[in-house]
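Asks: Here are the chains, one letter per residue:
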Amino acid sequence: MSRRIAVLLFPGTNSEEETLRVLRDCGGDADFVHWTDAKALLEYAAYVLPGGFAHEDRIRAGAIAAHDAMMETVIAGAVEGKLVLGICNGAQILLEAGLVPGTNVAGRATAAFTHNAPGRHFICRHVYVKLAVEPSRCAITASLPEGALIPAWAAHGDGRLAARDEELEVIESGEHVAFVYAHADGAVDDAAIPNGSALGCAALTNREGNVLAIMPHAERDAWNLNHLARRAGSDVLAPSGGSALFESFVTAVHS
Amino acid sequence: MSSAHTKRSPQRSQTLIELGSTALGADERRRIAQGLGREPTRVELHAFDAQWSEHCSYKSSRAQLRRLPVQGERVVLGPGEDAGILSLGEHAGERYCVVVAHESHNHPSQIVPFEGAATGVGGIVRDVLCMGARVVALADALRFGDVRDPESHQRHVARAVVDGISAYGNAIGVPNIAGDVYFHEGFNENALVNVVALGIVKEREIVRSFVPPNGEGWVLLLVGKATDPSGFGGASFSSLTLDAESETANRGAVQVPDPFLKNVLMRATYRVFDALHARGIRAACKDLGAGGVMGCSAELCASGGFGARIDLDLVNTAVPGLPPDVLAVGETQERMLLALPPAVVDDVLRIYNEEFTLPQIAYNARAAVIGTVTRERRYMLTHRGETVMDVDIEFLTKAPFVTPSAASATPCHPERSERSERNRGTDASDSLALYNTCSREPLYRRYDSVVRGCTVIPRGYAEAGVIAPIPGSRLGVALAVAGNPDLSGRDPRLAAEDAVREAVDKVVSVGAEPIGLTDCLNFGNPNKEGHYAEFVAAVDGLAHAARSLNLPFVSGNVSFYNEDSAGNAIPASAIVACIGAIDDVGSITPGRAEQVDAANPLAEIYL
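If you're matching them up, the sequences are chains E and W in order. With the numbering used here as the guide, the letters of the first sequence map in order to residues 1 to 255. With the numbering used here as the guide, the letters of the second sequence map in order to residues 1 to 607.
Don't take each hint at face value.
Unchecked claim - For each label pair, taking beta carbons as the anchor points, the in silico distance ranges come out as:
#, chain 1, residue 1, chain 2, residue 2, range
1, E, 174, W, 204, 54 to 62 Å
2, W, 90, E, 233, 18 to 26 Å
3, E, 172, W, 90, 52 to 60 Å
4, W, 281, E, 29, 30 to 38 Å
5, W, 93, E, 234, 46 to 54 Å
6, W, 527, E, 233, 41 to 49 Å
7, E, 188, W, 437, 43 to 51 Å
8, E, 234, W, 90, 50 to 58 Å
What the hints assert, rightly or not - Counterexamples of contact, computed for chain W against chain E with all Cβ distances above 12 Å:
#, residue
9, 385
10, 456
11, 588
Rather than coming from a laboratory, the hints here were simulated on the basis of the structure. Virtual Cβ for every residue (Gly too), placed ideally from N, Cα, C.
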């Protein structure tokens with residue numbers, strides 16, 4: 001059984017290098033798959049959609065990319081149970097493709113990561129995200145400890161979860177909110193939410209728990225050298241912090 | 001065959017000259033006609049207008065800039081090409097270098113702030129990209145007018161400039177790690193947008209901007225956005241519409257940014273350079289800036305000792321029927337020129353057009369062969385079978401020096417003993433709320449400071465930004481900018497010295513060793529004695545400060561004609577960037593006081 005991980009390159013992707021690097025540093029057998037090579041995706045066991053502005057985010061963030069030829073294979077794979085991780089723009093694409101929250105048929109969006117509020121503009125801010133479900137609820141988080149707190153960077157213009165009230169109820173009661181925004185000490189309140197996201201949502205998973213769409217970039221705070229409060233004397237090149245999410249992902253791919 | 005077939009249109013040139021649509025002076029026009037032995041064609045006139053412009057030729061500033069120190073142990077490439085290069089250190093048996101470029105985009109940003117600032121970022125990124133480097137960091141130094149009135153035009157300019165820098169830098173995925181901003185009423189009608197880009201390249205993979213000695217017969221490849229009428233000298237274009245009854249195009253010199261295309265173009269170019277290095281081929285590459293296809297190809301070939309022959313019909317265009325002068329000198333963004341041995345051209349075309357699908361990324365974007373490098377040192381353009389330009393390439397690319405008069409005149413700004421009330425608060429909290437003292441967070445929060453995952457100190461956490469740009473290596477690069485307009489009102493020389501001092505201090509403050517400087521010199525009208533005197537005084541200050549610190553300037557840019565409608569110059573603004581090297585990013589001081597938290601028991605706050 002293949003354990004290979006595909007990091008998808010859409011035109012406009014911009015976080016591919018660090019995403020590939022963190023996956024490899026966490027033991028993953030990861031490679032890029034280019035948008036002209038959609039067929040190659042069939043050979044991979046898992047898919048990672050990195051951040052960026054795929055297809056220029058025309059119409060809405062992720063809207064065009066959700067219909068890219070590569071997504072046919074990703075959607076089919078997700079339905080089969082393959083692991084799919086979308087980060088930032090990748091998360092927006094998964095939402096537009098209806099893979100999360102996945103409360104309707106695949107391919108049909110029921111919620112959106114839309115423009116931040118208040119301010120309606122891009123923000124770049126250090127955050128923490130806290131695991132808000134049982135680790136085993138989502139295969140990708142299964143090896144994380146309960147209530148895991150992960151450092152990351154919110155760097156997006158459209159990161160606010162929005163949906164109709166009925167849908168938000170389904171999202172909440174179905175335990176689709178995998179991560180919420182939190183403070184450094186793990187406390188959760190409105191002040192920790194950088195973008196006005198409904199339910200304080202930083203990441204969504206689907207019903208089956210094989211797809212995770214996370215807005216903040218854990219891969220940008222994933223080595224000691226990235227940590228603003230790293231311990232003196234730590235190996236700056238060693239993965240840590242945000243890498244925990246990718247370790248758990250790679251563990252899930254290997255199991 | 002050359003000049004006999006040249007389409008001469010002296011009458012038309014005369015019309016343009018009468019309309020005052022070029023910036024060439026009467027002396028320069030006479031010199032061109034003498035050099036050519038005839039009246040220039042319309043295309044030639046525009047070509048000389050661009051090539052002999054202050055922007056391309058530094059004709060009023062070159063003599064002064066020669067006074068700056070440019071040598072040092074770490075200097076791999078000093079001023080002269082699109083970017084300077086400094087030696088950073090070794091990793092895994094390879095010597096790595098930092099590429100740095102620093103430019104202004106002031107006038108476009110004042111007229112169309114969002115697009116002007118965005119294309120400023122786009123241009124500086126190409127300057128680094130074309131040296132064969134991965135683009136790894138950005139910085140911006142902004143000078144705005146008095147923005148206290150939320151309805152003021154200055155406020156609009158400031159907002160839109162920040163939005164433009166944010167939109168462009170974020171989309172291409174280059175972290176903005178350093179910068180500063182000042183507010184001063186002297187910038188009310190002329191804001192300053194200076195941008196710095198850093199790149200990383202292995203020393204043996206540096207790509208130069210001249211055709212190498214074996215380059216005869218090499219192919220000239222134009223890559224990027226389809227040429228359109230944007231970015232064609234405003235005055236020239238309106239006179240064009242007068243006599244060519246051309247309604248095709250938009251007016252003026254507005255440049256249109258396309259960060260989405262640039263994102264793909266950058267990645268495709270990385271792939272092309274990797275493929276060329278793997279085959280041991282050293283291409284030449286240059287960014288298309290002022291002077292468009294003509295300026296870029298002429299400089300690329302002339303600096304290698306060659307000539308060029310270009311068929312303008314092969315230039316991919318966004319609209320049909322563009323006149324040859326627009327094709328030749330229009331400044332459509334997101335374009336680069338490569339000179340390549342013919343044997344590799346098909347592979348390079350395939351990477352750009354098929355693997356990275358440029359034609360599907362933006363309308364008619366592509367890589368296309370447009371001409372060849374010639375042994376004969378002529379610069380020739382053909383259009384629809386006619387030769388529209390045929391000149392000595394040396395004559396074209398070596399603008400005559402201008403010696404502005406009375407360089408010893410007194411600087412134009414009267415001495416100000418009183419500090420502006422703009423910078424004076426009634427008490428401590430009031431002072432902290434002043435525009436020049438308050439937090440810059442609302443601005444830099446718009447900039448992605450951490451994309452690429454290499455950021456050690458992001459924007460806003462220290463006086464300088466720090467990255468560890470080589471994966472797997474502890475080597476770090478620090479970057480900071482400085483230049484205080486309130487000082488320059490009193491003494492432009494002192495202000496320039498202080499800009500060097502402050503930029504260096506900032507880099508030292510994060511634990512880096514300063515290794516090089518760049519300057520962007522923003523001044524008034526060099527033809528006005530007082531304005532020019534400020535420029536000369538500032539160069540004095542830069543030279544003195546850099547020499548005393550034993551630091552070289554490796555790149556720079558001069559922006560003249562920054563004045564308001566009444567002809568007053570902006571506050572003299574020598575803006576300096578300092579690049580620092582760090583052997584081990586584990587050795588530097590991370591974080592700022594606010595970031596110290598319970599997670600790190602070793603953290604203490606030092607006051």
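Asks: Does the claim that residue 456(W) lies off the interface hold, with its Cβ farther than 12 Å from every Cβ of chain E?
Replies: violated (5 Å)
Asks: At 12 Å, judged by beta carbons, does residue 588(W) keep clear of chain E as stated?
Replies: Residue 588(W) is in fact no farther than 12 Å from some Cβ atom of chain E, at 10 Å.
Asks: Within 50 to 58 Å: is that where the Cβ-Cβ distance between residue 234(E) and residue 90(W) falls?
Replies: violated (23 Å)
Asks: Confirm or reject: residue 385(W) is not an interface residue toward chain E, with every Cβ-Cβ distance exceeding 12 Å.
Replies: holds (37 Å)
Asks: Could you tell me whether the CB distance from residue 174(E) to residue 204(W) stays inside 54 to 62 Å?
Replies: holds (56 Å)
Asks: Note whether the CB distance of residue 172(E) and residue 90(W) lies within 52 to 60 Å or breaks it.
Replies: holds (54 Å)
Asks: Is the hinted range of 46 to 54 Å satisfied by the C-beta distance from residue 93(W) to residue 234(E)?
Replies: Violated, at about 26 Å.
Asks: Does the beta carbon distance between residue 527(W) and residue 233(E) stay inside 41 to 49 Å, or does it fall outside?
Replies: violated (60 Å)
Asks: Can you tell me whether the CB distance of residue 188(E) to residue 437(W) sits inside 43 to 51 Å?
Replies: violated (34 Å)
Asks: Would you say the C-beta atoms of residue 90(W) and residue 233(E) sit inside 18 to 26 Å of each other?
Replies: holds (24 Å)
Asks: Kindly confirm whether 30 to 38 Å is satisfied by the beta carbon distance between residue 281(W) and residue 29(E).
Replies: For residue 281(W) and residue 29(E) the Cβ distance comes to about 32 Å; the hint holds.
Hints 5, 6, 7, 8, 10, 11 from the earlier list are contradicted by this structure; the remaining hints agree with it.
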